[in-house]
Amino acid sequence: MDKMMFLFSEGLKNLWRHKLTAFTAIFSTFLTLAVAGSLMIVGQNTNKVIEYLRGKYKIEVFFKESVPDKQINAVVKEFNKINGVRSTTIISKSDAEKIFKSQFGENILDIVGYNPLPASCVVNVVKFQSDKMNILPIVERIKSYPEVDEVLYQGRLIYRIETYYQKFVQIMTALLILILVISVFIISNTVRLTIFAKKELIQALQLIGATRSFVKAPFVIEGVFHGLIGAMLASAILIIGLEIGSDILYSVSKITIQYSPLVLIGILTSLSVVISILGSSRAISRFLK
Amino acid sequence: MIRLDNASYNYPKGSGVSNINLTIGNDEFAFIIGPTGSGKTTLLRMIYMDLLPQVGKVVVDEFDSKKIKPRKIPFLRRKIGMVFQEYHLLDDRNLFDNIALSLHVIGCSKDEIVDRVTESIEEVGLNGKEDRYPEELSGGEQQRACIARAFVKNPDIILADEPTGNLDPVTSFELIKLLEEVNREGTAVIMASHDYNLIKGRGHRIVEIQEGSVRQS
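Keeping their order, the protein sequence lines are chains F and S.
According to my numbering, the first sequence is numbered sequentially starting from 36.
According to my numbering, the second sequence is numbered sequentially starting from 55.
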């Protein structure tokens, strides 16, 4: 326990002893996490947009004249079981007549003497899906029912939206990974400066019988402190920026930026700990080889 | 016990030691004497296994250079206290913390560290200077601090490599007396020096090394 306390206090004292490298490491962690956090917020809000757009995706299914209402109900129940279908709404012939009247202000029976509007069904697709949504298999399944006369959907538009969204997600993920990898290297090189400055300490520790893990621990703990301070700064700046940005956006467009401060702090803190442990371990391990 | 069996180590650019056969007992005080570059430091480095002999072997208690795994070397070094000409005290911590470092490494409790460090500071006559940083101590005081750091962990062996190299004759003699006191308490002391006048007539074993070979012991 005393040994742990010693290693912990050494890591903490090193922050003060190596002020310049500590500043560099904290600043690079802060920058990395601020960029990574911004990307995550953008990603999260883009996800909200795609969910909104997916909520608007509609497949309109028109049934043959000869199909009775009871059979339509049974077929629509089957539609609900198709993978990717969120909900269905049946529009009977009489519902269609009412819709016609509300939209055109005239009764179709007065115009043509009978109701030519077919019974139909609106199929809504799921909104929550991380990968690209392909609507075609759903359409093909619906078309395979003999009761179905025609299926209308915004195929090209949906394909474009989904393709762009997919590319966006891939680019954001690659960018995020790249930033994190770069930050590990930056932190590793910053810690190496500290290690060179502490060459005497490392040699002294090795001569008095310190194990590799004992030599490594204070540097890794120091790295974690850098990471935590960087994460706190990045969280604070991001939250302030997001609150201001959200207020401005709301006053202009009634849209707010969606994010959870606690989740953001949690993710940035975890990321900082992981990248600082990886960075400092890499640096000290290379030195001790 | 330290035993070197036909131990040789040659540096890529030449020099080193060849075919060293030497045994040093558990409570022995031995001087390694020889001119600069004769191989004294190489011999000591082989004992604390900073260098592993390319031929032959070094055995220190249960540690055999031929069989030892790198992760076991720290455990050998915990049995050895080292004193160098250049002190190797850490500038960023005071005398107390410099000496305490050895005990932190072996996992002593806080109370035990305070007791043992205070005791060793008293033994080397540096009481009252616990809070001083190395730069605030004279050369002799720094070297005494090194001795305190070496024996605070109750080592079986103390290796001293030219510990008087930077000290005046009076301080040098005081330092040797201090090492003799440590030796009387049962710790083997091996001290390398190039200054024959300093060690002659003290009644200890003298091992002479020249051009990497032990000439007489």
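You may find that some hints are simply not true.
To be verified - Below are the DSS-like pairs computed for lysine-lysine, each with C-alpha atoms no more than 25 Å apart in a straight line:
1. K251/F with K254/S
2. K133/S with K38/F
3. K93/F with K162/F
4. K123/S with K251/F
5. K121/S with K234/F
6. K120/S with K234/F
7. K38/F with K164/S
8. K48/F with K164/S
9. K126/S with K234/F
10. K251/F with K183/S
No wet-lab data here; the hints were simulated from the structure.
Restraint check for K48/F with K164/S, where alpha carbons must lie at most 25 Å apart: Judged against 25 Å, a Cα distance of about 18 Å means the pair holds.
K251/F and K183/S were given as a pair; does the straight-line alpha-carbon distance stay at or below 25 Å? violated, 30 Å
Checking one constraint from the list: CA of K93/F to CA of K162/F, max 25 Å. Satisfied? holds, 12 Å
Does K120/S pair with K234/F here, judged by a C-alpha cut-off of 25 Å? Violated, because 28 Å separates the two Cα atoms, which is more than 25 Å.
Taken at face value, is the distance from the CA of K234/F to the CA of K126/S at most 25 Å? OK: K126/S and K234/F at ~22 Å, within 25 Å.
Does the alpha-carbon distance linking K121/S and K234/F stay inside the 25 Å limit? violated, 28 Å
25 Å Cα cutoff - pair K123/S, K251/F: holds, 19 Å
Holds or violated: K38/F and K164/S, Cα atoms, limit 25 Å. holds, 9 Å
Regarding the pair K251/F and K254/S, is the alpha-carbon distance no greater than 25 Å? Not satisfied, since the Cα-Cα distance of roughly 44 Å exceeds 25 Å.
Is the straight-line distance between the alpha-carbon of K133/S and that of K38/F 25 Å or less? holds, 19 Å
The structure shown violates the earlier hints numbered 1, 5, 6 and 10.
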